[in-house]
Amino acid sequence: MIDLDTVSWLRRWITTTDHKDIGLLYLFTSLYFGMAGGALALLMRVQLSVPNNNFLSALYYDQAVTMHGLIMILWFLSPLAIAFFNYLVPLQIGAKDLAFPRLNALSYWFFLSGGILAVTSFFVPGGAAASGWTTYQPLSSPSFQPGPGPTLVYIGLLLLAVSVTLGSVNIITTILWMRTRGMGFSKLPMFTWFALFTTGAMLYAFPTLIAAFVLNVSDRLLGTAFFTSPAILSVPGIDPSILWDNLFWFFGHPEVYIVLLPAFGVIANIIPTFTGRPIAGRNWIIISTALVVLPLSFGVWMHHMFLTGIPLSLQESFDVSTEAISIPFGIIIISFILSLVKGRIQFKTPFLFVIGAVVLFIIGGIMGVFLSSPVLDREFNGSYFVVSHFHYVMVGATIFGLIAAIYYWLPRMTGRMYNETLGKVHFVISFIGFNVLYGPMSILSDMPRRVFTYPNTGDLGIVNEIATVGSFIFVFAQVLLAYNVVHTWFRGPASGPNPWGSSDPEWTTDASERTPAFDAEAAPVGGWIGQLASAAPAPAHGGAQNPSDGHPGHTSVRPFALGLGSMLFFLGAPFYPSASGVAVMVVGAAVALYTMFSWAKDDLRERFSIPDEGEERFPFSGLPKIKLGMWVFLSSEVILFGSLIAAYLFIRESVVGWPLASSIHDIPLGTANTVILLTSGFTMAMAVLSIRKGNQRALLLWLSATFVLGSVFMGIKLSEWSNLASAGFTITSSNPMYQLAASAYYFLVGLHGAHVTAGLIVMVFLMKKTVSGAYTKDNHGAVENFGLYWAFVDIVWCFIFPLFYLL
Amino acid sequence: MIGLLLFFAVKYRARKGGPPASKGPESLWVVVAVVLIMGSVLAAAGYQSFASTTNIEIPAASDSVTIKVTGFQWGWNFTYPNGNFAIDNLTVPAGQDVILNITSKDVYHEFGIPMLAVKEDVIPGKVNQLWFEVPDPGVHEDAIHCFQLCGVGHAFMIANLTVVSQASWEAWMGSG
Numbered sequence: 039m040i041d042l043d044t045v046s047w048l049r050r051w052i053t054t055t056d057h058k059d060i061g062l063l064y065l066f067t068s069l070y071f072g073m074a075g076g077a078l079a080l081l082m083r084v085q086l087s088v089p090n091n092n093f094l095s096a097l098y099y100d101q102a103v104t105m106h107g108l109i110m111i112l113w114f115l116s117p118l119a120i121a122f123f124n125y126l127v128p129l130q131i132g133a134k135d136l137a138f139p140r141l142n143a144l145s146y147w148f149f150l151s152g153g154i155l156a157v158t159s160f161f162v163p164g165g166a167a168a169s170g171w172t173t174y175q176p177l178s179s180p181s182f183q184p185g186p187g188p189t190l191v192y193i194g195l196l197l198l199a200v201s202v203t204l205g206s207v208n209i210i211t212t213i214l215w216m217r218t219r220g221m222g223f224s225k226l227p228m229f230t231w232f233a234l235f236t237t238g239a240m241l242y243a244f245p246t247l248i249a250a251f252v253l254n255v256s257d258r259l260l261g262t263a264f265f266t267s268p269a270i271l272s273v274p275g276i277d278p279s280i281l282w283d284n285l286f287w288f289f290g291h292p293e294v295y296i297v298l299l300p301a302f303g304v305i306a307n308i309i310p311t312f313t314g315r316p317i318a319g320r321n322w323i324i325i326s327t328a329l330v331v332l333p334l335s336f337g338v339w340m341h342h343m344f345l346t347g348i349p350l351s352l353q354e355s356f357d358v359s360t361e362a363i364s365i366p367f368g369i370i371i372i373s374f375i376l377s378l379v380k381g382r383i384q385f386k387t388p389f390l391f392v393i394g395a396v397v398l399f400i401i402g403g404i405m406g407v408f409l410s411s412p413v414l415d416r417e418f419n420g421s422y423f424v425v426s427h428f429h430y431v432m433v434g435a436t437i438f439g440l441i442a443a444i445y446y447w448l449p450r451m452t453g454r455m456y457n458e459t460l461g462k463v464h465f466v467i468s469f470i471g472f473n474v475l476y477g478p479m480s481i482l483s484d485m486p487r488r489v490f491t492y493p494n495t496g497d498l499g500i501v502n503e504i505a506t507v508g509s510f511i512f513v514f515a516q517v518l519l520a521y522n523v524v525h526t527w528f529r530g531p532a533s534g535p536n537p538w539g540s541s542d543p544e545w546t547t548d549a550s551e552r553t554p555a556f557d558a559e560a561a562p563v564g565g566w567i568g569q570l571a572s573a574a575p576a577p578a579h580g581g582a583q584n585p586s587d588g589h590p591g592h593t594s595v596r597p598f599a600l601g602l603g604s605m606l607f608f609l610g611a612p613f614y615p616s617a618s619g620v621a622v623m624v625v626g627a628a629v630a631l632y633t634m635f636s637w638a639k640d641d642l643r644e645r646f647s648i649p650d651e652g653e654e655r656f657p658f659s660g661l662p663k664i665k666l667g668m669w670v671f672l673s674s675e676v677i678l679f680g681s682l683i684a685a686y687l688f689i690r691e692s693v694v695g696w697p698l699a700s701s702i703h704d705i706p707l708g709t710a711n712t713v714i715l716l717t718s719g720f721t722m723a724m725a726v727l728s729i730r731k732g733n734q735r736a737l738l739l740w741l742s743a744t745f746v747l748g749s750v751f752m753g754i755k756l757s758e759w760s761n762l763a764s765a766g767f768t769i770t771s772s773n774p775m776y777q778l779a780a781s782a783y784y785f786l787v788g789l790h791g792a793h794v795t796a797g798l799i800v801m802v803f804l805m806k807k808t809v810s811g812a813y814t815k816d817n818h819g820a821v822e823n824f825g826l827y828w829a830f831v832d833i834v835w836c837f838i839f840p841l842f843y844l845l
Numbered sequence: 029m030i031g032l033l034l035f036f037a038v039k040y041r042a043r044k045g046g047p048p049a050s051k052g053p054e055s056l057w058v059v060v061a062v063v064l065i066m067g068s069v070l071a072a073a074g075y076q077s078f079a080s081t082t083n084i085e086i087p088a089a090s091d092s093v094t095i096k097v098t099g100f101q102w103g104w105n106f107t108y109p110n111g112n113f114a115i116d117n118l119t120v121p122a123g124q125d126v127i128l129n130i131t132s133k134d135v136y137h138e139f140g141i142p143m144l145a146v147k148e149d150v151i152p153g154k155v156n157q158l159w160f161e162v163p164d165p166g167v168h169e170d171a172i173h174c175f176q177l178c179g180v181g182h183a184f185m186i187a188n189l190t191v192v193s194q195a196s197w198e199a200w201m202g203s204g
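If you read the sequences in order, they're chains A and B.
For the working numbering, add 38 to where a residue sits in the first sequence, where the first one is 1.
For the working numbering, add 28 to where a residue sits in the second sequence, where the first one is 1.
Chain A with its partners taken away, still in its complex shape (with noise of 0.2 Å):
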């Protein structure tokens, strides 16, 4: 037997940059938010279950609610399809890894680093946020929800966001330019498809959650005024509250077909594997999900808001959009259900997992149909029909569809077989537990959603009480499920390389990379990649694992540390100026930033390198990897700034006497500023236009005069926010008007400040390698991402000095 050494065993997990790691990582750090999130609504149901109940008081039941609506969809159901994201897109495509590992990693760090900051607050005095998952304001604005408890919510919230976009940008350019030679797109794997479908949504919907979020945070820890403090509620016409709603569901209309998307995904490649068949209509999938992912699911956000007072003819043509994005649906689920004609179809548990899901959907479907009308909304909104229909399709589903991967993949994982019986007993009980769960509450439209209790009226109580013996059905057979995992990957028979008899790629792809089992002797093909480094032979990766022969390794520590100092110092951040959150901070931003240092320091010496793999990029075949990358994330900024210009527009539009911009800003300084920043990008395309003849003393010259102009325009930036906060523009300016032109003001433009100052950071860095003679005619990759990131930050400028200082 293995000799168990923790700590390699530990080490192994922090310093991992392998996919298939990290998307085991995923799959049971987000397995474990879903059991977290699941006693959160076995509360609410023991709650619910008998009216005038006491067992959680209203505040206890109103954080249950609230948190059980973010871990679920946030931490659970997204990072549960990232999993298969990352373990499967590489071996789907043939590539070894992803684009970038060490991001990858940092994308993981992050996510659990937002998670625990979320329910830590549980813990803290006042408790977790209770103001729902849609966080409406004013309610969860410190006016109303104060307290250290939402503040770390919402940041850690952010944490998460800001990882799923990194995750984006890296499966979006795996999958762009990371293929092997013949996989083109006519042969890409459906799941694989489906994951580029997913990141896109994801890489231009969270930007504009990062949006509403940063403002909500900057008024609970900087004291801005976007959404409330007491002087601007005293203002007429203005509307936080709508702002709020546009923000949010402009974020979350797609979420929902970001949650949705990876299941049909799962549902699409695995239906060919059980009828013998190839999927019907292959291309019609691909070319509807493509319409619901970029113009649809933008387009129909409006719908949730057909009760705020928006006009009619805004309701009637979301309401159309909102019927549109159902057809590319039925067209999906026909192809779905044509898929099973003159197949040899095999009831095996994954199969029944998908047919339970199709049929699940069809229904959540249905319900959602009603919804888009504006007269059936007056009759159904914020009531238990809403729950029961997104239930339907998040749950029924999403989680139905993404246990049918877990099935199907764990074979690949453990090299084990699970237990074919119990998974049919799991599937049975599920889908009985899910109905008595949430067809009952469909009937409820009279309940409103979120009460911690209700009157002991009509049928309300016998309803709820169904609903809650469903509850603990389906939690129960989720402990089967849980089981059967457990006990295939320690005890489950050997199950050969391919189980399914399958033609997809990643059950042909070298047999040795198969990830760990815990015991070789049952992985059938020397599938062993050291869970214990001790005993394991060497991995597949050429030392992937083991860099301590001194060649360039795959491991590294960075991307753990760096999200333990971001969580430290976010930890602390809601507790300031208190000493301990001072020192916790503290401690936090030393090591952020050591590490930050000490990667770049391994890239000066080029501790980490991996080859450039792939062959087929079409129609990407010009472009370096980390350009691609660099365009793929700065797609992703451009919907950052443009949501919170939208919102400044917003916030000064709906308003009567906004301060003019001549009264506040030295209008010839700013003008002065703008031309030196601008200089500055023509000296950053001088740099680029001299390595790319390969003139390295003419980089260095142009790079400095960059730098220095930088500086200046940062110095100069500095010396005129002096002058304003001295003259009386601030965020507590008692003048509710210079309030909140000045939180704008200060936000957008510091945002943007914080942009060049992180750009002079890189620049030190370039300098630095410049210097050593690192760049060459042919090898500047660095330098003409920067050029492209310093272009971009020029830009931004370009919006933002008319927008503020001139207007």
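Worth flagging that the hints you see were computed from the coordinates, not collected in a lab.
Some hints here could point you the wrong way.
To be verified - Sample of chain A residues facing chain B (criterion: CB under 7 Å; computed from the structure):
#, residue
1, G170
2, I372
3, R488
Glycine included, every Cβ here is placed at the ideal spot set by N, Cα and C.
Place chain B on chain A using the hints.
Just chain B, lined up with the frame of chain A:
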């Protein structure tokens, strides 16, 4: 659709000696059919939905009663044309259009009367409107609820709806 799914799933289950799997129907016409069927069903639904939006449009104020509703943490304030106000009890005349001008004193609430299928968001700094008409007098206990989480008292933001005859309404209005 669910029936079709289950029918195919059972019909084409793997049997000993059954036919081997083969490609089934897959062509443009399926997609066209789906788009046409769903399109027409949705068009009908959309038409119904549009036609019924007249039910939402606020009627002329001339022959109706306008009552001001203010949501607060945690209750409802109803202010009548004669200046009287009542907490957590809305009194309206039977057989006449009632327009509610709804706003909030503090946070986001949502005013709803499920038995009349009317609902509107209650937003600070903003006045939203809804209207309804109840034909017969009567007292409807707990008819009014808040449908938006608004803090720990959310579950108790319940009010009664009292519908009185025209005569007693006019007498009551005159008394203000």
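| query | Can you name, in rising order, the numbers of the hints this structure does not satisfy? | reply | Failing hints: none at all.
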